[in-house]
Amino acid sequence: MKAPHLSRRSVLRILGGGAAASAIIGRVANANAAKPVTSSFRNSGDHSVLRRAVDPLPPLFGLDERIQQRLPWMSLIARPTPCHRLEHLSRRVGADIWIKRDDLTSPLYGGNKARKNEFLFSDLAANQRNAVLTMGGIGSHHCCSVAATASTLGWPAMLVQFPQPVTEHVRQMMRWQQLWKPQRVLARAEWTLPFAVLRGWNRLEHLPRARPGLIWMGGSSPVGTLGYVDAALEFAQQVRCGDAPMPARMYVAAGSGGTLAGLIAGFRLAAFPVEVIGVQIVPSPAITRFSVAWLANAALELISDAAPDLEIPSVSRAEVRLEDRFLGDGYGSPTPEGVAARRLVWELEGIPLEDTYTSKTMAALLALSQPQAGPALFWNTYNSAPPPPLPPWQDLPQAYHQFYRD
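Residue numbers (numbering that gives the first Met the number 0): 0 to 405.
The hints are simulated quantities; they were obtained by calculation from the structure and are not laboratory data.
Cβ pair distances, simulated, as ranges:
#: 1; residue 1: Ala-270; residue 2: Pro-370; range: 22 to 28 Å
#: 2; residue 1: Gly-93; residue 2: Gln-68; range: 48 to 54 Å
#: 3; residue 1: Leu-206; residue 2: Pro-370; range: 55 to 61 Å
Note that CB positions come from ideal geometry on N, CA and C, so glycine has one too.
Based on the provided sequences and hints, a complete structural model is requested.
Encoded structure:
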């Protein structure tokens with residue numbers, strides 16, 4: 000059975016515009032700040048809710064001790080993630096290609112979302128939240144990461160999801176999400192998505208003792224973007240320590256924009272002159288130079304608020320580089336170039352990619368890299384932790400069974 004398809008562009012347009020959508024999403028988003036955090040909570044002696052480990056600390060906290068004191072954070076990833084040369088791929092294509100292995104952020108569920116979750120979940124906890132709602136496609140890695148983190152913390156999770164092109168990978172992701180036993184609401188048409196969010200929110204609110212908070216699609220809020228400000232500082236340290244060369248260009252997938260925004264902001268903060276190219280996996284205006292620059296500056300403003308006398312740069316739209324020629328038919332739709340890149344990387348390096356984000360990003364790197372320009376770096380945002388035994392698709396809510404029928 001062919002499922003109705005909602006593009007990411009449509010989703011963001013709906014949630015961002017219209018009186019009904021604005022009212023519904025506004026009600027949900029405002030709950031995150033419904034109970035302001037007092038300094039006694041942030042700076043109390045017991046940080047067990049916010050910090051599950053303190054070694055190693057994010058490089059961001061090394062800029063000024065007040066940042067650690069004022070920005071809630073919990074340790075969820077193994078840092079630093081490795082960075083190494085793709086020897087076989089480099090020889091095959093005649094270029095100097097390196098990889099930043101954020102697929103190894105966590106043995107639970109790796110990828111870029113785990114970095115964002117370190118700040119997002121601790122910020123919710125600091126605001127007295129203990130349940131979470133987020134949104135994404137039915138095969139969303141972000142939804143899987145949020146569900147996994149919430150389960151680890153003992154929080155209920157609500158996934159409000161929309162259809163996307165169905166592949167075997169998407170089917171596997173729905174089952175992987177189900178491993179963490181989230182609650183779900185499926186939007187069946189474009190105009191119903193805001194109401195699906197409200198329905199999911201109401202269900203969370205009625206759970207005993209639940210105080211829900213919102214994590215935006217992709218974790219791409221100013222708070223979530225801090226995770227990749229920190230990642231940029233981490234990579235800059237690796238280069239300065241000789242673990243990796245200074246890349247001429249860096250390629251990263253650009254969907255909701257938080258990862259790209261954080262990298263640009265972090266490299267500006269580190270005075271690290273590298274060109275970061277965001278390979279679009281959604282069309283404009285779902286992501287624009289303006290939206291990425293806004294996220295970057297909003298994250299930098301959080302750092303400035305924590306340490307007011309620290310010299311904090313700003314990011315202009317001119318500094319944001321977006322590449323849209325590898326998108327294909329849209330979000331979640333495989334491209335021939337992407338599929339070829341995915342197969343090549345697996346054959347030569349044994350590193351898995353997927354068709355929505357990372358294969359298109361690698362395809363862009365392979366097509367655009369100029370060997371004479373210097374090293375090119377691929378920032379791997381996918382998860383490479385092997386899947387545990389997954390529940391059968393019949394365990395998903397009835398509304399999702401359509402995606403498993405031919």
